[in-house]
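J.: Hints given; two lone chains; assemble the complex.
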Amino acid sequence: METFINPKSLFHLLLLPCLLLYSSIAYNSSPVEAAMHTNNWAVLVCTSRFWFNYRHMANTLSLYRTVKRLGIPDERIILMLADDMACNTRNKYPAQVFNNENHRLNLYGDNVEVDYRGYEVTVENFLRVLTGRHETAVPRSKRLLSDEGSHILLYMTGHGGDEFLKFQDSEELQSHDLADAVKQMKEKHRFKELLIMVDTCQAATLFNQLQSPGVLAIGSSMKGENSYSHHLDSDVGVSVVDRFTYYTLAFFERLNIYDNASLSSLFSSYNPSLLMSTTYYRKDLYKRRLEEVPVTNFFGSVMETIHTDAAYKALSRRNSGRFEDEMSLDQSVHHIKRRMLIKVNDGDEIHDINPELLQGEEGASKCPWSTFRNKFQKAENVDSLLNYGLVAMIPLLVISTWLVQ
Amino acid sequence: MAETKEKSLSDEKPKPRVRPIVRLGIFLISHSFHVSVVCCTAGVLALFLLPVLAKNTYISENALMPGSASPMLSNQHVSDGNRLVKDLTNPNSKSSETGIESHKIIAQYMLDLGAEVSFHKFHPQMNQFHPLHFFSSPDSGKIQENYSCSSYGINTVGIIRAPHGDGKEAIVLVTPYNALKSGFGEALSLGIAYSVFSLLTQVTWLAKDIIWLVADSQYGEYAAVAAWLREYQTPKFSSLSTPNAEMCPDVNNLFELKGHSISGSKFSNSFRRAGTMASALVLKVRDQNEQFEDTISIYAEASNGQMPNLDLINVVNYLAVHRQGLRVNVEKLWSLLNSSWLKSLGEIFESLAKVAKSLYPKWKFGIPATEYVEGTATLASSLYYQALGVPTGPHGAFRDYQVDAITLEISPKFSLDKVWRNDILLRGGRLIEGVIRSVNNLLEKFHQSFFLYLLTSPSKFVSVGVYMIAFAFLIAPLPMVAASLYVDANSSSNCSKGDSSTPSAITDTDEHSIAIRSWRWLNSAKLVFIVHLWGAIVSLLPYFISQIPDCSPTTSFMIWVLLSILSLLTLNSVLASPLACAKATQEKEWALVKSVTISSVFIGLGLMSVINFATAEIGALLMVPMCLLAQPLKLDVRAGTLRSFCRMICNLVLGHIAFPPAALFLLKGMLDGFGNANVGDFWMWVESLWAWNSATYLFIGMVQLPCWVLCISILFHTC
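Chains L and Y, in that order, are what the protein sequence lines are. According to our numbering, the first sequence is numbered sequentially starting from 1. According to our numbering, the second sequence is numbered sequentially starting from 1001.
Treat the hints as calculated values from the structure; they're not laboratory data.
Derived, one-sided and incomplete: chain Y residues facing chain L with beta-carbon distance under 10 Å:
id, residue
1, N1062
2, A1063
3, M1065
4, A1069
5, H1164
6, V1203
7, L1206
8, K1208
9, S1438
Cβ atoms here follow ideal geometry from the backbone N, Cα and C, with glycine treated the same way.
Only chain Y is shown next, with the shape it has when bound in the complex (with noise of 0.2 Å):
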């Protein structure tokens, strides 16, 4: 219709020329339906071609030189760290209740080597809903209320100085350990980390510090980690007012044996500190073993999606790969990897490339299918786990610093003969003390290599230039849509006026009706407006929730739920009503509503691609085909058609699916099969979205939900 406007338009003034840029926004804006087919369809294969179109990763940093060292640590070491595990799992270690005497026994060890050991106390911080605290940096001064002494954590920190260095940097090496229930994993990685300590200890090549950090995990090891963080980088000045940890009477046990053993040694009650950091490990050993070999997994994401610099993944994997002969893992979503629409998919592109690499030799992107599959799957985890926000380990506590850090999980191959446990001691020990000393040849910060990007393998990344392909072809049609519909509902009802009114009434009411037709769309916007408003209200819900005792999970959700609805419908007779009439009485308003609901859509995706592309591309994926969809149901029923009969099916799945807690429980199911979904679970996932400040919160709740019930609104419109 707009189309045939435009061209009456033409013919009848063919004088003033347009622009052609002007032109061409017309022509889109005219052929909107086809144009926005033509883009999400492009989006999503683009989203399938990132496998094909990943590159291989190199070390972008010259500084760095993995490698070029030959590893020192030598079985004298690895017998040091044996001598050390052995120590540890000696059942008269573990007689104490709360491990104070293995972390005595580390701290000997430490201070055997001549570094310098403090213990550093911290009482867990409980993850709280703070509304106002996403996106800030932890909190300095955060009053810990609620000591009690028996609930206190303790980690071990030993620092090596560099002997010729300057002492500005650093370097963290963090083993998690549970004193109370340690499994022979941790103590093996505390086997490994005492190694290359030990190594380091006589090396002179270190121009960094060198922290060993044995955080304390029987609170977590992410609070363990961040605990120690916190202390590191924001001193706390004001600790007289507050209860200390050292009036328990325990605490204080344990320093004063300390004291009496080592008495003159470099062992210290203050906090210590090294210089900035400049990376930071997490090693862990699993203790589980299914794997055929030695593989070592790397976990990267951190909080809202952060990664860390790709130099340091490309470091680690280049050192276990090509020196330790360590395999590589990074997460994958394992059941993509059996699905056999993918590997089809992929036999179609690889055959796709053989035909194009016939036509022209030089041609050379196509990768076989199978790889294409894994690729897929690493990279969907690599989308899902920045998408969700949450860090995947200890690391995410460094990142909220901005230090670079990584957490390796070396899962050995099989049990626990001497003969393999040495081999991995050594070998464990080597991949640390190569990373470490290529990290301490840098003289910036990382900086080099991308910090936005998505892994398909160990090897292969996706950078922010080829990723955001894919997402702008998904959004791209969203303006389009809604400035074709905003003309289309405004020539219409001209229209309408025009057959029902005599040409002469036109002239007289003309210039009236028109300006208060083009300010019509605001009664719309007024709607769209009240909805988002609401999200906002049901985003902030959960902090009052929560702050009722002894609630379960489902009955929490319950409770959230009703009140939910409770003030929709609240807010709309409160300040919809006046409109509500007026609403009804004009035709094409839905198509106003969804005007304006798909432009707060593209504006709410392209804020949080921004901050965080994954949530933003997923989102996308839900959100633009059921806005683009949404019409009421009535007038498909009416027209009867096939063709509205798809579009009813498609909306009818889409507004289903699009509902967020609807989504997670499909994205559950997918990932863990959906015998063990329960409705409490969402309430529990929305709690650690918020526990961890992820922005995808902030998202589903401001963007997600208002859309999704604008979408639904729109459904059902009667018209």
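So that you can see chain L by itself, here it is in the shape it has in the complex (with noise of 0.2 Å):
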């Protein structure tokens, strides 16, 4: 805060110490409704354990691979693993898990990190996860510390049946405590959109009692009917992928970073005769249209940084400039597509908060502070700051040892 110390006049300089209560006061005190998307948040669950259901923790680790390619950094994935087929002593390639025969790509690589795992995977646990309710010596890599500007990914797969989803084979998730939970989290502000997917047998039935505003669910198959496996790994001896998971990776593989496909796009994908059962989509909950929204709005990352001048209402990004891209995990990236992304996003989301914006304009012609920083950004370097501070602290000094003379 101090950073606004205009070094230029003396006048401004007697007024800080007011500047900056009113600074803060504003900070926090300011309201946020209808936050924008700021951050993307991913909670991935396998929930059965035992060797021959190995295709749902590959499940599992698929997606993990998928949108932490697509931008989601780690410490923002939650990953829980009901059981470690890796380490499992049937497992012919030990410390590997493959979702496809070729063997090609191994899910459980270098950089994975479980968050809970074996028999930590619990239906206590994951509703913890979900509302936020944990003991206090859980770490914080274990909690999903999402805002109201978070879109949530929360997929889960295992075996399930009607209105439920069984954990650990031994305790069972009903569609009144996942809507439960999404209603407190709801109330607790700690997401803005969230989108549930679901690849277990009639896994429909899980979004039933679902009302929270907001959500997004798609499951792999409607009542009464079946989720199957996609094919036999005959060397590892299991089944290595679901079908409904299959078909969503196949759809993500298309696609990178800077992709714009949206979800009714990814949604159509699913061919029913492929997949041996009729996929369903609730999105009456949800108030965008399928259609402008992008995947990468939940399987990507699109995370804005806001300055703390943010705390001004006037400063809306427009004014601020660029955000700040923290997309940086991944590598490949080049640095102009990623311009191009940015781009792309700011669009949407100009059109869609445009009313705040104007009111946030409104503002910034009204906010005199709005000078101080433009001159601010001209001061190059600390150094200086210094010196000019130095230099004017001389005639306070002059004045305030006259004035007690």
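T.: Here is the structure:
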């Protein structure tokens, strides 16, 4: 905050303490209504144990790899795996997991961070992650630290039935539980939009009780239908991927981080005859049109870091310029393309929250501090700033001594 | 008569409302004759319907996933196996008299693969009758006398540890091998096992340890496996006092040699163990080949009709048929296959099914007549071997420790050229590999599928819920008939007394006489009890007879019969004589005796059906008609009608058939032909029963024989 000192103006310098006070009050008290999409989270859950459920873990790990590739960093992915297939003694390829019989892609590579594993994956822990009611000792890395600007992808796979999903061969998550957890999340402003994707038998029934706005849900099968595995790896001796997930992955493999495919194109890419089940998506709680929502809104990361001066309502991002991009985890990204993406997203967002922005502009013209800021931006470095400050102190000292005398 | 009595009773006092269930009971008891005819017919019919009602087997346990992994056994492993076969059939290896050389070869081969190897010496235990050891687990602290260095067997045991496993579980592969006179089949079975073993030392997917037991079968396959299992499951801690096999120079010699040739290897002198056994496979290759194609026979029956989990059979069947193209056999009664009456019965069922289908298209329960005949033959053999209670192979030893095990016998189609041999090694090996990989996937014991079932073909089964119906029908009339006879006997004596005396006399002594009369059945119960006591004594007699040295089966049997008759007479004179006079005076005494007999038979059959269903079923088929029909011959002769004549004939025939030795004679005749039947056979059969701790022996001694004696006594009752 001391960067707001305008070294060139003595008068302004005297006002410094007041300015500080004002700005801090403004920042803390500013309510962010109808927050914009600022960050992405993913909760990926494999709920079933046992070697013969290898494919569920492979499903989840594949999704993990995909969302990571599309730009969600590890610290914003909560990965829950109910069993350890990679180190199962029956695994022909120790410490490796594949989702295809060609074995080209090892999903269990070096940088897989499993947040909840084995018997930690319980209904209780799952609900705690969603609602954020953790015990104090739970580290930040195991928490879903989303806010009202978050888009959350919730992917679940396992064995399910009519309005339930089995966890660990011993307990069940019911559709009521899920709906309740989502409702709590909404009330606690833990998400802006939530995409629930479930690959299990009778997945559609799991969404029956959802009520919270901003929730979009897609399931692999309708009530009374089974979801089937895609193919068997005769080398490993188990089925390695489920159909719904396989075709989801196939869709995403064609995409890169800058593609602008819409959710509706994803949803229409499922072919019931290939899936051997009918996908179901529930969008009555979701306001935006699916054609206009890029899949990267959930599966990728559009992370916007807002300057602290966003505290001033006036300073919306049109004024503050570019958003800082934090997608740098993916090393292969070309800089120019990144910019393009941001522009694209920019357009979207601007279209979306236009009235807000207009209001912001109006505020900007009223606010005198923006001019200070512009001037401040010209201050090249800290050294010169310091020097100016010291020089400014001298008259102050002189005046004060004069007053004392 | 009871009916009329009921009517008169209800006419007299209509006031007290009788509860519906009581009325139903009374109705059934009063119509017990018709009920018993209907029930018995239904029971027999239901038994013959079982092949039609059989369901297709299915893999019930998710974790098994048979055939989901492609076999990894390659020609390299096959040629390894071939090498062992050659070495074993090489005449040089048979030079040693004890066959130690071939054991050494096998051990060396195992060691070369990197497996842990140990020898297990055992002394064959003579099967002895221990009257108190029925149903008890094999004894660990059995004192073994008469060790002689000349008679011992050597089991060679190789163990592969699962590379990433925790060593808590194991799968056992058993190949019986007689080093002294091994056929080519045995060597080939070793070759198959070795090729699988050599593959399993290389794979990374093992979750359970693999134990390969080469069982020395010179004292019988079962004895060797049982000895090894006893040592494995119940370690002995008091080996100091008992003379040890290590004292024999020959065995010492063997170990010294081994120690020299392979120092620092994984060979060990001590007994080696792996984890709990998940399942066991016994592999055999038959020498003779009459089959037209490669077949594999599955033997599953263990002692007292216990079966391994159906899933194990399903896995083997699925892999053999759908992966390796082998034909799977289970035991059949071949004599039934050509019987024309069965064929016509099958045709009747088939046409009935067609009619039913034309009436309502969703009824599809018919099976072709030929399939029906085959199913019945398989079912009959399944029943027979379960009823016998004697294991059909070395797998029976595992069942005593609750380990699921089966014997697979491969019978290849044609002779011994090399291409064929490689082919059978490859296919047999891949089958074994597939089964092991499938069982390896298991997370728990076999528990999902059935343990109580009868097979009608390798892929069809009748579960306990279905086959109990036939048995229930058969024994349902017993309590009703018993009750009706009791009521009948009481009321008839009532009536006769009432006729002879004046009504006033009745009122005087009414209560007293009724009280006495209602306890009259105790006399009959005493008689029945005496006969059952005698049955117990007869069952114990063989223990003493078997102590007599140098006794041929025929003479033993004769002694047994003589002693039995003697004891019956003695018991009768000592215990039953005071009542004999009283018995003679009372009318309808035989009805009471029959009533109590039927009750005791009902209890005996009910108990037996829990222990060994098949025995109870066969026993019920013989005993229920005999008990129900039994009536003094004198009465029938006196009546002189066609009906009583028929009954007399039936009684006589049943009286012959139901006598246990006669029943066995008939059964043997049906199986093997009547030519070579012998009086001593029964003794030998009984000996084998008690050697295997078969509950069937107890059933025969304590239920069937007393029942037969009682029925005969009713037949010759003087009234």
